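Heads up: the sequence lines are chains A and B, in that order. Counting with numbering that gives the first Met the number 0, you get residues 0 to 272 for the letters of the first sequence. Counting with numbering that gives the first Met the number 0, you get residues 0 to 305 for the letters of the second sequence.
Calculated directly from the structure, the hints in this document are not laboratory data. Remember, it's a predicted structure, so these values are computed and weren't measured experimentally. Glycine is no exception: its CB is placed at the ideal position from the N, C-alpha and C atoms.
Estimated spans, in silico, between C-beta atoms of each pair:
#1 Ala77(B) with Ala85(A): 21 to 31 Å
#2 Lys73(A) with Asp67(B): 37 to 47 Å
#3 Pro50(A) with Gly218(B): 24 to 34 Å
#4 Trp79(B) with Ala85(A): 14 to 24 Å
#5 Arg210(A) with Trp297(B): 40 to 50 Å
#6 Ser251(A) with Arg71(B): 28 to 38 Å
#7 Arg200(B) with Ser189(A): 21 to 31 Å
Stretch by stretch, here's where chain B covers chain A in the computed footprint (C-beta under 8 Å, at least three residues):
#8 79-91
#9 117-125
#10 130-136
#11 184-195
#12 245-255
From the derived model, a few chain B residues whose C-beta atoms are all more than 12 Å from chain A:
#13 Leu94
#14 Gly99
#15 Leu158
Below are the chains, spelled out letter by letter.
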Amino acid sequence: MSGARRLKVPVATVAAIILAVTVCASCSSKTAASGPPGGGTELVGLLRLTPGTMNGGQISGTWFRMLQPGGNPKDGPYMKNADSSADDGMVTLLEPGTSGGLRTGGYQSQPTPAFDTGGNSLADAITVPTKFFGVKFSISTNPVDPQTKTPVAPPTVVLKGGKLTADLASWAASWNNQNFNQGAPKPVQSTGAKAPGQAQAERAWDWVSHRWLDSVPKPTVTGAGATGTYDAKTGAFVLQWTSYIVGGPFNSFTGVWHLQGVFEPSGRAPAGA
Amino acid sequence: MRRPTVAALGLLALGVLLTVGPIAGGLFAKAAAGTQMIDQFAPLMTADALARDGADLETLRNGTAGVDAIYRRQDIAAGWFPGLDTYRRQSTAILDRASGLLDRVRATGPDYRRVAQIGGFDRMPFLIVAGGIVSLYGGCVLLLGDFRRARIGVVIVVLTAMAIAAYPFVSGLEGGAPAGHRMLQSLAPVMTPGEVRQLQRDFIVIVGADGELETTFRGVPRSGKAATEVAALVDRWPTVSSDLATLVGAVDDNIGNFKALHDLDVLTSPIGVSGFVAFPWFLVGTGALSAGIALAGWPRRGKEMS
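With the rest of the complex left out, here is chain A (with noise of 0.2 Å):
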């Protein structure tokens, strides 16, 4: 009896304490903001893509090089994709997917598998899967990024003054088996090794350090983000990068990036999807 009295104590005050904790953090948990962070427009539905083409000389439309390394965007050396024709297999022509372009405000995963026994690239959403060196590869972009595991948002487009910035980070290539951020930021690695029971810790103690502490969230992403332009009348757009590939057999190199297309104003996409 005298046991359960003394242990009511204690008890009561771990109680009272964790509940004054939580009211009091629940009543500093701050508004979410509308609209984009620093101003502007967000892009939401399809930056529908319009195929690459080379007509006399001039690349247009929807298209991709790889840098090698230590060159640079503007001049090379690229990579040389012995199934492409255009600028002697130095650009990659890219046709619009089963969706029609990028979804913005959503993800357009990958399907399960990914790939077909060959290592083609079956994700057929953004962009037709295309041939280089002899496999196909394709894009998708996905809730967790499949190369770096880490969680990223999905594809924002925001307009302001008539120049388009973008986070591209989910922007994901999938090729023989093998994945490839190409995003812009780039998502951090979530690959390292760690301890069992290490990844719930962290998680628990970043959701305690947000919650009650006002920690800044380590940050996801690094690095710029997309650039381009928009023609409010047209909806004509276009949305350049480059995104340094981390790992794999073209460790070092450098994908760039360029689509074009017009913007189609819609809903947005589920979470997820």
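Following the hints, complete the assembly by docking chain B onto the known chain A.
For chain B alone, coordinates are given in the frame of chain A:
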């Protein structure tokens, strides 16, 4: 009313070492890195994967001979097929490197499998730290606790010490650790950033050459064995390319993990012993020492404690 002070202080000192040592020495991260490397290499080390790698290499070798024969027969000048020219200049070195890598991976297979069978390798640091905490508890109750608590404390210390000493034999660490040392020695020449860069360069040269085989080189007349060998390479290319890309990717992704394991192995090099070889016996010794100290401090009523 004398307490077993020496035994208590011994347990406290051992407890501090066992608790702080693995944390300060980064043992948790190193053991996790080792486990991750073993897991990520698993698909590459199967008999099926190794046989496929061998077949890939044979296809590449035959395809190279076929291309050489077609070049000679058709008197193809340098510059017509720059990708193939580059590959032909380097093919002997590239194929030798690939062959050397495959031989090395094959030779490492038995040791790799023994290491992979070690149970709970990444949980081992928890066991050591748990042993340290229990030793600290045992030391404290011997110094400060009453007779009953002190005896229970000693029993807990002895049981934990037995678990630590038994772990190498129960988990397979005793046999797996020397195999781990041999595995590290065997893979060390290829698990370096320089070697990985070379593998990546080789891969790029091969894909460049194959790209031409599938496109511009198709128009070159060919017949007989050479035609068959080149056709086989083109047909099998997706598999060859995928296997090569996977191998290069796995090696590249695990350079850091390999280094962590290597650091663990050289931890005891100042005393001339491999860390891996010494580790099981370190655990046995730690368990025996911990149990011995605890038993030496076994509380006796009326003599040492009330």
